[in-house]
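Visitor: Please model the complete structure; the sequences and the hints are all you need to start from.
For reference, the chains in residue letters:
Protein chains: 2
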Amino acid sequence: MNRREFNLNLLFAVPALTLLVPQAQPQLRVNGQRLNARLSELAQYGKTPEGGTHRLAYTDADLEARQYAMKLMREAQLEVTIDAAGNIAGQRVGSNTQLKPLMIGSHIDSVPAGGSYDGQVGSMGAIEVAQILAENKVRLRHPLEVVIFQNEEGGTIGSTAIARGLTEKDLSIVTNSKKTIREGIKFIGGDPDKLASAVRKKGDLAGYLELHIEQGGTLHQEKINIGVVEGIVGVFWWEVTIEGFANHAGTTPMNQRRDALLAAAKYIDAVNRIVTSVPGRQVGTVGRIQALPGAFNIVPGKVTTTLGLRDLDAAKVQMLFEKIQSEVRRIEAATGTKFDFKQVNASQPAPTDERFRRVINDAAKQLGLTTKLLPSGAGHDAQEIAHLSPVGMIFVPSRDGISHSPREFSEPADITNGANVLLHTLLKLDGMSLN
Amino acid sequence: MNRREFNLNLLFAVPALTLLVPQAQPQLRVNGQRLNARLSELAQYGKTPEGGTHRLAYTDADLEARQYAMKLMREAQLEVTIDAAGNIAGQRVGSNTQLKPLMIGSHIDSVPAGGSYDGQVGSMGAIEVAQILAENKVRLRHPLEVVIFQNEEGGTIGSTAIARGLTEKDLSIVTNSKKTIREGIKFIGGDPDKLASAVRKKGDLAGYLELHIEQGGTLHQEKINIGVVEGIVGVFWWEVTIEGFANHAGTTPMNQRRDALLAAAKYIDAVNRIVTSVPGRQVGTVGRIQALPGAFNIVPGKVTTTLGLRDLDAAKVQMLFEKIQSEVRRIEAATGTKFDFKQVNASQPAPTDERFRRVINDAAKQLGLTTKLLPSGAGHDAQEIAHLSPVGMIFVPSRDGISHSPREFSEPADITNGANVLLHTLLKLDGMSLN
Numbered sequence: 001m002n003r004r005e006f007n008l009n010l011l012f013a014v015p016a017l018t019l020l021v022p023q024a025q026p027q028l029r030v031n032g033q034r035l036n037a038r039l040s041e042l043a044q045y046g047k048t049p050e051g052g053t054h055r056l057a058y059t060d061a062d063l064e065a066r067q068y069a070m071k072l073m074r075e076a077q078l079e080v081t082i083d084a085a086g087n088i089a090g091q092r093v094g095s096n097t098q099l100k101p102l103m104i105g106s107h108i109d110s111v112p113a114g115g116s117y118d119g120q121v122g123s124m125g126a127i128e129v130a131q132i133l134a135e136n137k138v139r140l141r142h143p144l145e146v147v148i149f150q151n152e153e154g155g156t157i158g159s160t161a162i163a164r165g166l167t168e169k170d171l172s173i174v175t176n177s178k179k180t181i182r183e184g185i186k187f188i189g190g191d192p193d194k195l196a197s198a199v200r201k202k203g204d205l206a207g208y209l210e211l212h213i214e215q216g217g218t219l220h221q222e223k224i225n226i227g228v229v230e231g232i233v234g235v236f237w238w239e240v241t242i243e244g245f246a247n248h249a250g251t252t253p254m255n256q257r258r259d260a261l262l263a264a265a266k267y268i269d270a271v272n273r274i275v276t277s278v279p280g281r282q283v284g285t286v287g288r289i290q291a292l293p294g295a296f297n298i299v300p301g302k303v304t305t306t307l308g309l310r311d312l313d314a315a316k317v318q319m320l321f322e323k324i325q326s327e328v329r330r331i332e333a334a335t336g337t338k339f340d341f342k343q344v345n346a347s348q349p350a351p352t353d354e355r356f357r358r359v360i361n362d363a364a365k366q367l368g369l370t371t372k373l374l375p376s377g378a379g380h381d382a383q384e385i386a387h388l389s390p391v392g393m394i395f396v397p398s399r400d401g402i403s404h405s406p407r408e409f410s411e412p413a414d415i416t417n418g419a420n421v422l423l424h425t426l427l428k429l430d431g432m433s434l435n
Numbered sequence: 436m437n438r439r440e441f442n443l444n445l446l447f448a449v450p451a452l453t454l455l456v457p458q459a460q461p462q463l464r465v466n467g468q469r470l471n472a473r474l475s476e477l478a479q480y481g482k483t484p485e486g487g488t489h490r491l492a493y494t495d496a497d498l499e500a501r502q503y504a505m506k507l508m509r510e511a512q513l514e515v516t517i518d519a520a521g522n523i524a525g526q527r528v529g530s531n532t533q534l535k536p537l538m539i540g541s542h543i544d545s546v547p548a549g550g551s552y553d554g555q556v557g558s559m560g561a562i563e564v565a566q567i568l569a570e571n572k573v574r575l576r577h578p579l580e581v582v583i584f585q586n587e588e589g590g591t592i593g594s595t596a597i598a599r600g601l602t603e604k605d606l607s608i609v610t611n612s613k614k615t616i617r618e619g620i621k622f623i624g625g626d627p628d629k630l631a632s633a634v635r636k637k638g639d640l641a642g643y644l645e646l647h648i649e650q651g652g653t654l655h656q657e658k659i660n661i662g663v664v665e666g667i668v669g670v671f672w673w674e675v676t677i678e679g680f681a682n683h684a685g686t687t688p689m690n691q692r693r694d695a696l697l698a699a700a701k702y703i704d705a706v707n708r709i710v711t712s713v714p715g716r717q718v719g720t721v722g723r724i725q726a727l728p729g730a731f732n733i734v735p736g737k738v739t740t741t742l743g744l745r746d747l748d749a750a751k752v753q754m755l756f757e758k759i760q761s762e763v764r765r766i767e768a769a770t771g772t773k774f775d776f777k778q779v780n781a782s783q784p785a786p787t788d789e790r791f792r793r794v795i796n797d798a799a800k801q802l803g804l805t806t807k808l809l810p811s812g813a814g815h816d817a818q819e820i821a822h823l824s825p826v827g828m829i830f831v832p833s834r835d836g837i838s839h840s841p842r843e844f845s846e847p848a849d850i851t852n853g854a855n856v857l858l859h860t861l862l863k864l865d866g867m868s869l870n
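In order, the protein sequences belong to chains L and R.
Quick note: the first sequence, position 358, residue 358 per our numbering, numbers continuous.
Quick note: the second sequence, position 8, residue 443 per our numbering, numbers continuous.
Keep in mind the hints are simulated off the structure, nothing from the lab.
All the given hints hold, so there is nothing to weed out.
Which residues of chain R face chain L? A partial, calculated answer using Cβ under 7 Å:
(1) G651
(2) G652
(3) A684
(4) T686
(5) M689
(6) A700
(7) T720
(8) V721
(9) A726
(10) F731
Calculated cross-link-like contacts (lysine to any residue; reagent style SDA-like; alpha-carbon spacing at most 20 Å):
(11) L:K223 / R:Q691
(12) L:K302 / R:T739
(13) L:K186 / L:Q67
Every residue gets a Cβ at the ideal spot worked out from N, C-alpha and C, and that includes glycine.
Guide: Next up, the structure:
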């Protein structure tokens, strides 16, 4: 027992002073060595030859990693349950029974051939925070809930199940594991027939905090310790079909062609030009393309491709989409083709809570860390939980901005910093009146 | 027996007058009704629900169509053999044993889900010409050889076997029929172990004439009866690989991307711009593309695509390729990507013989038909036979320039015109000193 723990015990002997607890822990720190060692252990489940992690939701590797996480949660003196949707919850009662829980956590499933940091950092970080509180006998006013959301990479399935409920259509989606979501939920110990019991109501939570790697390169490049997330950008996807006319590539003069791939090329270039023509951090991506019939000697008659736009401001996305549409009209006229856009995804921007951002920033500054306000370009479970309660997100640097790759890497010291910011943000929020 | 045939018989009774024969047949005409009826019958082999023809080389449909063609050849009093390479030859002796054969013909295999005109018109046209000569008891000075080349659509395989020989590598190619070329040759009655016997030497032929549909839209659009082919364009193909860097489409700012698909778009647009920037009938096509990994949420890290350039002048193709390379250097610098071009086809331009062109034009004019000199943008067996002897090609209009499609169509009257031009060109050439 060190001096700090001794002091804490003294404080806990005086229940009337619980309100002072958050103020009284400025020296409390997570065990960074333990946290990083656990990340290495976790990375054994689904380890790839390339040194990354292939741990698709609903596979054996996922199941084993979940068992490992539950073991750690019990070590952190959390009461562990699996909800009907298959999310793992580790709970610890608070000192004020009137208050709603503060939730912290992330996910441990990975993309195919992914990395070993992504949601793992926030998951192990949340368990470490719970464990350090338990070891130091710090009881929060609010109940604490550490959550490991299931199948984040397949479309924030676990957090959606809590925040909005899953539809029958969702349940029938065949995931990368080859199991449907329904089968997957059963596989990991949930009960797809009782999903209603997993859904929470607005106001059921006092707040949610998620620690995560940035996945982009801003913090690493600018040598900043902590990203304070402004919000999770809206993600808008369209399937794009371009109809031209397939013809012989040798016998059809250039001026008689209706080349769908030439139209696609002009479109892809236009998307880039339009998205970068206005200030801001919006992104636009064409990620997939196929030309049909797709042969050396045939002028492509049809192209299927995509459009993805993301920004914190949905109105800006709409403005960019309209500019792209005007340009597409010009391309159609110039190439004798016809474009069709079918929207297949429209997840709205999820701003983080302004108070949470301020508290994260204060906590980081008090730890002597540099901070930067930035959007999250990737989707996260936090965007779903934002339907229920205020949310905050803490980013740590990703080397070279690489993610969803075996080359994904965050420095152990940065991960420890992030967990300490999570810890102190939690303590500060716990002392506030959240509603 | 009509009056014309009577006169011919009179002429043949006077062997010393054989040199006059070609001049003496100005009224001779093919039987257009029979020719077009046979095209319809031929189209039954491999007929598709869309009304086109799916008759891949080395399939049952191909074998049955070949048997049908051989039956017609025998009706035309040709002596039918299959060479070691699987080509069908129908021969008729000439009156002058010192002369080398004049060859006419084409192919009857089709592309997948193709049309019913393509090589079929020239094949049935050549048999019709032989039959009308036989029926009218016109014996040429030169031996006549009607040839049906095997597997033209798979890369002028039969004509290459005659003109240059097939390599072991050629023989091991797996064709659309799922058979290798070796297996295919055996299947259609050739002998892949005796291919050397099929190879002809330069000078073994007096000349080759091929009737074909244009496959482009020039004759149809300009309402011209007969195309006099200047030559078969050189066909140059490259596999193009573009390396960028795959990254998260949400978290990677626009200015930090190395987007291989954006680079590909600029490249495709540049190919079109460069190819159309100089006068002439050259064409440039990008027909195939794949972006990897190919997902909505990943900036493409790699693209595989193609380049095809065709022209009658190989030096012009080289000049265009160099312009494209310069532009590619600029695109690489602007997008942080790296292009690689691997040439996978370089069939050199095959000009037709100047005398043959003149004779085709004269024959058409004497038949009261309009003509236009034009290149063949598609490859043909004639380009291979050009290695052995002078060649000529006669085009008839393709409706809307559509080919390799069930919508491929040529008017029966145009087909009859083409066969009459073939007949009279043959007769004129037969009267000339070819060497």
